[in-house]
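In the order they appear, the protein sequences are chains E and P.
All residue numbers for the first sequence refer to this note's numbering, where the first residue is 1 and numbers rise by one.
All residue numbers for the second sequence refer to this note's numbering, where the first residue is 1 and numbers rise by one.
Rather than coming from a laboratory, the hints here were simulated on the basis of the structure.
Computed from a predicted model, the values in this text were never measured in an experiment.
Watch out, some of these pointers could steer you wrong.
[Stated by the list, open to error] Partner residues aside, some chain P positions facing chain E, computed with beta carbon under 8 Å: (1) Val33; (2) Leu39; (3) Asp41; (4) Ala45; (5) Ser63; (6) Pro64; (7) Ser132.
[Stated by the list, open to error] Computed beta-carbon distance windows for the label pairs: (8) Ser187(E) with Leu56(P): 46 to 54 Å; (9) Arg60(P) with His425(E): 15 to 23 Å; (10) Asp430(E) with Pro20(P): 43 to 51 Å.
Where a beta carbon is used, it is the ideal one built from N, C-alpha and C, also for glycine.
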Amino acid sequence: MPRIKCPFCVKPLDPTAAGKCPSCGEGLPDHFVRGCREAPQLWMVTSGFSSHGKTTLLTAMILMLENMRLGNFYLEVLGQPTHEALQRMRVEALEGKTPDSTQPIKKPRPLLLRLHDAPGVTDAARGENHTLIALDVAGEMFATLDELHGVAALREVQTVWLMVSQPDLAQDRGGNTLSGLFQAYESAMIRLGASLEGRNVIVVFTKADRMNLPPEAESYLMADPFQDLTRIDQDSAEGYQEPEDFTLAGNLPAMERVSDLLAEYTRRRVPGGPQFINMVRGRRVNLRFCVTSATGGDPDQRNRLKEQARRFRVLDPLFWTLWLGQRREEKDFGLVLDASAQGGPVYADGLPAAVWDGLVERGEVTTYYLGHTRPVGLPGQRPPAASAPRARQRLIGPILERAGDDQRLLVLTTGPVLDLGDFLHTPWRDRLVLVTLGPDDESWPHSVPYRAGDDPETMLHALLQLTR
Amino acid sequence: MPSPPATVDRAGFPMTWIEPLGAYLHWLPVTKVQFEYFLCDRPSARFDQDWYDALLRLNRRISPRQIDGSNYWHALLTGITPPEAQAFAQWCGDDGHGHYRLPTAEEWFKAYSALRTEPPLDLAAIEALELSPRARLIVQKLDAAVASVRGEGGGRTMADQMLMRHGVMEWVECKEGRSPFGAYGRPNKQLEGRLINLEAGQMSIPNDLEQRLVAYGFRLLRRGE
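Please take these sequences and the hints and turn them into a complete structure.
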């Protein structure tokens with residue numbers, strides 16, 4: 001199971017963490033960690049340009065989830081800050097106000113929600129639980145590429161929503177493009193040391209009521225079985241009727257068909273559309289499209305929406321996220337430390353801890369001593385600050401032969417590892433980085449010399465290159 | 001003729017059934033790679049870095065891939081004393097699969113006498129075992145390396161294949177005589193040149209059992225499961 005992480009600083013949480021995150025000090029909702037074991041974390045970031053409707057859509061989605069009547073589904077709000085944010089959204093919706101454009105905040109505060117018995121992916125007959133961590137990122141943060149890297153949660157997000165109003169984009173005078181939006185995301189991921197490959201990008205067209213959609217897409221939009229969820233119940237025949245046999249799998253063919261239609265629409269009608277599609281697919285990112293209308297129509301001159309707003313396909317981005325959101329395999333790292341009589345420099349200046357801190361943000365880390373098959377402590381436990389009590393031979397073979405097939409190793413040593421050459425012509429050649437604090441070992445292809453004061457990120461970067 | 005049964009020891013290295021002994025015997029003298037599993041699994045003050053460094057100064061280590069006819073003895077563990085070999089035997093048996101020990105002098109020579117007239121075994125029987133990649137490579141490389149060494153008296157035998165000749169001097173337990181341990185074998189002359197009438201059962205009995213001897217290694221016998 002992937003490690004449970006703080007929703008604010010994204011640092012891994014100890015299984016017994018409660019009250020506050022030990023890394024950033026932010027208050028955690030009650031029983032957050034325990035709840036996440038049963039409802040795995042699902043990270044979501046809404047990205048897009050100013051006034052393209054991101055926050056409106058997010059507001060509408062949460063309001064619909066609050067009113068959702070589908071099987072045993074219910075939405076749980078985690079923590080007082082999220083509760084207060086939803087209260088503000090609810091009032092704004094009732095008063096028919098469009099939420100203010102998201103204020104640019106260096107580190108936006110996530111909404112923490114738990115979906116109970118959401119439509120199942122692996123088993124249509126069974127609901128699934130998710131802990132939704134939803135970040136709405138200010139549009140202004142995308143104006144310059146450098147600001148975006150402040151959103152560390154991006155690294156956790158397997159599926160990112162690029163939310164675009166095609167009419168607004170067509171009239172944009174600021175030079176903003178879909179490709180630019182994607183590149184802002186890509187730039188942030190590179191800074192965070194995360195690979196794009198295998199992730200999912202969903203282009204969410206907002207304000208569908210202002211688009212000239214292909215007829216089939218428009219029909220799909222209007223046929224949303226959940227469109228009346230936030231309308232007040234009436235005795236009339238109108239109003240929400242719980243769909244009898246809604247399943248994600250059953251809805252998927254239609255979603256895929258509309259995605260294809262919108263991809264073609266993007267190629268023909270969106271400035272820079274073909275380049276965007278080619279760019280994303282060239283990065284081996286899964287690309288899907290959907291179209292939404294969070295308000296059913298424009299606000300009037302007094303900024304009031306229709307009182308009983310129909311909302312169309314607002315849940316589709318979430319459905320895509322659930323469907324495509326295969327749990328990202330937690331990367332498995334090994335940190336192997338020199339425990340020989342000459343290995344002292346490895347432990348100077350807290351180097352193992354610094355390296356461990358960098359690795360643990362990217363996956364689970366198990367620490368070993370060279371010459372000792374068994375790990376030094378449990379996976380996820382901090383590395384020792386000193387060498388083993390008895391000097392050990394620099395041997396790594398028994399460690400490698402027990403390591404997992406996907407494990408990547410970083411070896412810190414002051415001298416040659418006696419048996420590393422045994423693995424030169426094995427897959428370990430491209431799964432192990434040798435960091436030498438002494439004479440450089442040129443016999444190993446992925447060897448990084450380290451000198452006192454060097455930035456540990458260099459060796460981490462070398463290792464992360466192997467995980468691509 | 002069907003191949004004799006074979007199995008693996010705790011380190012994943014092959015042992016073959018020797019019918020005259022009613023027991024399994026290591027296919028090869030214990031190798032450095034094999035012994036390193038013991039070193040890494042059971043770190044102790046006795047077998048620490050200095051200990052292994054001393055052995056490697058006597059007989060350097062080579063990677064399995066480097067093994068050939070001109071250097072193969074470097075893959076074998078030598079310089080070890082009988083009590084240290086017994087510690088490895090104890091570790092092998094600790095996982096509950098049989099009792100391991102040094103063969104007695106009688107057992108070793110009995111096995112040798114039987115195997116020196118047997119034709120080489122088809123390696124497929126050994127390779128069919130669940131060997132680690134390194135163990136498999138060592139078996140293959142040593143077999144090829146020893147095949148390049150001139151056979152005695154008309155060709156290669158199973159005793160040659162198992163490196164009972166052209167290998168190392170192998171520690172054995174002595175039930176009689178003044179020394180508890182002796183050694184059988186005929187090492188490759190480049191490891192140590194000596195004249196030994198192995199066919200007549202000549203055994204070597206070093207004066208100082210504590211001394212690290214460059215040509216002295218061992219293999220183990222296993223009884224039971």
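Checked hints:
For the restraint placing Val33(P) at the interface with chain E, the shortest Cβ-Cβ distance is roughly 7 Å, inside the 8 Å limit, so the hint holds. This hint holds: Leu39(P) has a C-beta 6 Å from the nearest C-beta of chain E, less than the 8 Å allowed. Contact between Asp41(P) and chain E, as hinted, is supported at the beta carbon level, the nearest pair being about 5 Å apart and thus within 8 Å. Annotation: Ala45(P) was flagged as interfacial toward chain E, and the flag holds, the nearest CB pair being 6 Å apart, inside 8 Å.
Proximity of Ser63(P) to chain E holds as hinted, the smallest CB-CB distance being about 5 Å (cut-off 8 Å). For Pro64(P), the interface hint holds, since its Cβ comes within 8 Å of a Cβ in chain E; the closest pair sits about 6 Å apart. Among the interface hints, the one on Ser132(P) holds; its C-beta lies about 6 Å from the nearest C-beta in chain E, closer than the 8 Å criterion. Judged by the Cβ atoms, the range 46 to 54 Å given for Ser187(E) and Leu56(P) holds: they are separated by roughly 50 Å.
Roughly 20 Å separates the CB atoms of Arg60(P) and His425(E), a value that falls within the hinted 15 to 23 Å. Taken as a hint, the range 43 to 51 Å holds for the pair Asp430(E) and Pro20(P), whose Cβ atoms sit roughly 48 Å apart.
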